[in-house]
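Engineer: Spelled out from the first residue to the last, the chains are:
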Amino acid sequence: MAAHSGKPGGGEALVAFFTKLPSLQVPEEELVIPSDLERYGLSEVVNRLLGRDQPIPFDFLVEGEFLRSSIGRYLEAHKLSSEKVLRLEFVLALREPEQSAVDEAPEWISSVAALEAFPSTWFAATLYDGTVRLYEGAQMKLTTRLSDHGLTGAAALPTSRGSHLVAACQDGTLKACGFQCGSGPSSGAVSSQAGAKKALQACAIHEDGTLLAAGGWSMEVCVWNVEPETFADETAGKRKAPHQAEAKFTLAGHSQVVTALSFGKKEQFPFSLLSGSWDCSIRVWDLVAGSGVCNWPVARAVTSFTLNPSMPQLATSHEDGHVSLWDIRAPAHSSIAGAMCGCLTVRLATDVAGCQAAVLLFAADDTGRYGMTLPRSRLGSTKAFGTVGYPWDIYGDHGASGGDFFHEEC
Amino acid sequence: MKVKRLVSLLRQGKIRPPPPPAPEVWDLWADEAQLRRKAPTALPAPKMALPGHAESYNPPSEYLFTEEEKKEWEETFEEDRTLNHLPQKFESLRHVPGYKDFTLERFKRCLDLYLVPRALKQRMNVDPESLLPKLPNPKDLRPFPTHIAVSYEGHEGMIRSVAVEATGRYLATASSDETLRIWEVATGRPVRSIKFSSAVTAVAWNPQHLMLSVSAEENVFFLDPQLEIQAAPDGEAPVAVSSLLEFKEANVAKPEGEEVEEPTAAKAKAVHWRAVQPDSPQHAAGCRLSIATDGDVQLLVWHHKGNYCAAVSPKARATSNQCIIHALNQQKSMRPFARLRGGQQVQSCAFHPSKPHFLVATMRSVRIYDLQKQAQVKQLISGAKWISSVTVHPTGDHVVVGSYDRRVVWWDLDFASKPYKTLQYHDKAVRCATFHPGKFPLLAACSDDATVSILHAKVFSDLMQSPMIVPVKRLRDHMVNQGFGVLSCAWHPHQPWLFTAGADGRAYLWA
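Those protein sequence lines, which keep their order, are chains Y and H.
Note that the first sequence covers residues 1 to 410 in UniProt numbering.
Note that the second sequence covers residues 1 to 511 in UniProt numbering.
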């Protein structure tokens, strides 16, 4: 393809490349290139300008957004003339991550929690034999036994000295343990919180670190206070294992197993706890009063959910492989018929070979993207995707951002 | 003067003029115009064709028939011939003979003119599409299972039976590789794998307690898989299950001649309850009670209160042993069907969800018995030759049967014993048909062609509307193995999910 200076003819466009990468600077001159070039073709042009013999894949941003179609289509979509110079910033393209190491755990992995603030290199994986394995990057660094019975769900909170991990156990107790990540990872004493009558399925820890919540097959959500000895160090004397016998309060209301829990963030839902269950509803509970606030009906059994931190949007994942986005703007009622409208449901394509489409975990980061984990026997595979354009126009600035699809084997 | 008076009276109307004289002739056809109906429009006979070149006495040579054409003309029927004479060529007009068919032709023409009835053919303008019933779009009838959500991998042989626990947390599969496996429903993780000494043929969870009844060919076991974990040892342990399964010694102390005393079952093998030996591998897995029966047990069904378990063994030698009801609390077995009228094999059975009725499906019919009154309530007959399974709707008013001659037959118990609908959606035998036990109006039928058909079966509570049955989905992921397809299916108790188990050794959860 010919890139030359001059006037753009039919099917050509004027572009200027620039970058913030110090080592890969190109002269900022205007070039005329064919307008049907996409990322790969543009990448070739830049590589030629740099004079590299080993080409590096680049990704291109226009006005701060990734260019996901050809230049000609972008110009058409934004009604720009081909005479206008398009300033393209190029960055290093995010490659599909390669599997660097596989750790074969002896039992099924039930959940994975990040021990530090996102992005985190420390992960903890809970297993069905009651142990927790700590990983730094791809290497397993530490194994701790929390219980003799299986652990089903886990949640972690990064703290100043390390992180606090809570795990829901199949014997109906919530196990809590403090971990120190670093050169010599260590775990603190394991404390257990009892009060649930049947096996627990999901747990959550408040972002202040003051409350713990767990829910499971008894269809109730139990909330505990965090005492000083909940996340005590191992070295703090050989006392009897810390044990809380009663929950601070128990929230009943779901009619099926509680599968997902999350404390509301301070900006969005202060003093509240959200729980999702197989009875096709997400309930909001008030922590101060200890009672339910409202109930959001979603059409299918919920396996996990997350709230978008910047918009009144809720994303739920279901056992049949659907992911639904809900608008929670309307005032919530305390009756069953909550206000849920404008649902966009995306059916996950099983493009990962042999993957079952049961989505079990969800996490949202600040830019409004969601990551999901699809468990598959002993290995987990993570998919992340950006929010696709949705029907309502008020939040038009999000428009149709392309989905960044990448895989990670962990 | 008299005339003047008469005229004035006439004018006043006091004298009427004399009536006209009676007619001398009578109109015969005055009334007939009303009686006679309009005659059909007379269609004239078609005009006769004018003679053309082929009728000439000296036609051009191309109009004459060749030998083949002549033979062909002679072989066709008279009505089908285009020309009703053979074209001939003569040198001159005086050589032309008389036309021998002249009179016949004139006669036929006269018949055509006055004797043949002609009428316009009335054609019906009916669009065949409009005759089909208008069924709703399956998209409006969601939710129903459409694709595989979880697959349970681990069995090596055919999976004969699948059963889901009452809370929907665990799934049990019985396979001909002699193992019984228990799985977690949501994740597909195998929780237990119990080995028996022969192929495991049927499994059923107790609706009230967390225990199973399993049959391995001729033996029925009651099994406590110890799935409930209690954290604190001083807490209330669930003693209910383990106490239910303690063997009661009282039943054993009976004389050996017990078999001879039973009047109705002279040839029948008695059914003995035994405790499982503490050193056997089954005991380690949780089996506590075992019953030795006669004939392979193909189906186990629990009563909803959790006390009675019915076992069906079609191949039992004695008729009374084909359907036995075991009582768990009393640790006794009852054989209520000593002599089945009709003498056919029992294929399947079901408990009624609300009334004390018991349904027994033989090869051709379904009989409903009242267990309290010990009498037959009804017999349902269909055209099916070999019934494979029977299921009752949760409301208790509808019975569906799957049969080996590819049919699914639906009876409404309010009607007579004739079926309400017979559905044929499969190419091969229907092995199992089940209703959803909860609030979803779904019916699943699995068959030997390795597909499962999902039907939306909406039953209306008002008596005026009959049930609406709409096929919504066909699930196709299983494979045929040795002529068997999907052997068993079961619905999740409260979600619109279906568990299927196939002869290819795979069990799936469809959501």
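No lab work stands behind these hints, which were simulated from the structure alone.
Please note: incorrect hints may appear among the correct ones.
As the list claims (entries may be wrong) - Here are the simulated DSSO-like pairs of lysine-lysine, each with C-alpha atoms no more than 30 Å apart in a straight line:
| # | chain 1 | residue 1 | chain 2 | residue 2 |
| --- | --- | --- | --- | --- |
| 1 | H | Lys458 | H | Lys139 |
| 2 | Y | Lys248 | Y | Lys198 |
| 3 | H | Lys139 | H | Lys305 |
| 4 | H | Lys439 | H | Lys421 |
| 5 | H | Lys139 | Y | Lys197 |
| 6 | Y | Lys20 | Y | Lys79 |
| 7 | H | Lys373 | H | Lys332 |
| 8 | Y | Lys266 | Y | Lys248 |
| 9 | H | Lys195 | H | Lys305 |
| 10 | H | Lys332 | H | Lys139 |
| 11 | H | Lys195 | Y | Lys198 |
| 12 | H | Lys373 | Y | Lys197 |
| 13 | Y | Lys198 | H | Lys305 |
| 14 | Y | Lys198 | H | Lys439 |
| 15 | H | Lys195 | H | Lys139 |
Engineer: CA of H/Lys195 to CA of Y/Lys198, is that 30 Å or under?
Structural biologist: holds (28 Å)
Engineer: Are the Cα atoms of H/Lys139 and Y/Lys197 separated by 30 Å or less?
Structural biologist: violated (40 Å)
Engineer: Are the Cα atoms of Y/Lys266 and Y/Lys248 separated by 30 Å or less?
Structural biologist: With Cα atoms ~21 Å apart, Y/Lys266 and Y/Lys248 stay inside 30 Å; holds.
Engineer: Take a quick look at whether H/Lys458 and H/Lys139 sit within 30 Å of each other, Cα to Cα.
Structural biologist: Given that 30 Å is the threshold and the Cα spacing comes to 15 Å, the pair holds.
Engineer: For the pair we were handed, H/Lys195 and H/Lys305, check the Cα-Cα distance against 30 Å.
Structural biologist: Distance of about 28 Å is within 30 Å: holds.
Engineer: Mind checking the alpha carbons of H/Lys332 and H/Lys139 for me, to see if they're no more than 30 Å apart?
Structural biologist: Outside the cut-off at roughly 50 Å; violated.
Engineer: Are H/Lys373 and Y/Lys197 close enough, with their CA atoms no more than 30 Å apart?
Structural biologist: Outside the cut-off at roughly 42 Å; violated.
Engineer: Given the hint that Y/Lys198 pairs with H/Lys439, test it: the Cα-Cα distance must not exceed 30 Å.
Structural biologist: holds (25 Å)
Engineer: Holds or violated: H/Lys439 with H/Lys421, Cα cutoff 30 Å?
Structural biologist: Within the cut-off at roughly 22 Å; holds.
Engineer: Holds or violated: are the alpha carbons of Y/Lys20 and Y/Lys79 at most 30 Å from each other?
Structural biologist: holds (27 Å)
Engineer: Between H/Lys373 and H/Lys332, is the straight-line Cα distance small enough, at 30 Å or below?
Structural biologist: holds (20 Å)
Engineer: Check whether the Cα positions of H/Lys195 and H/Lys139 lie no farther apart than 30 Å.
Structural biologist: violated (44 Å)
Of the hints listed earlier, those the structure fails to meet are numbers 3, 5, 10, 12, 15, in rising order.
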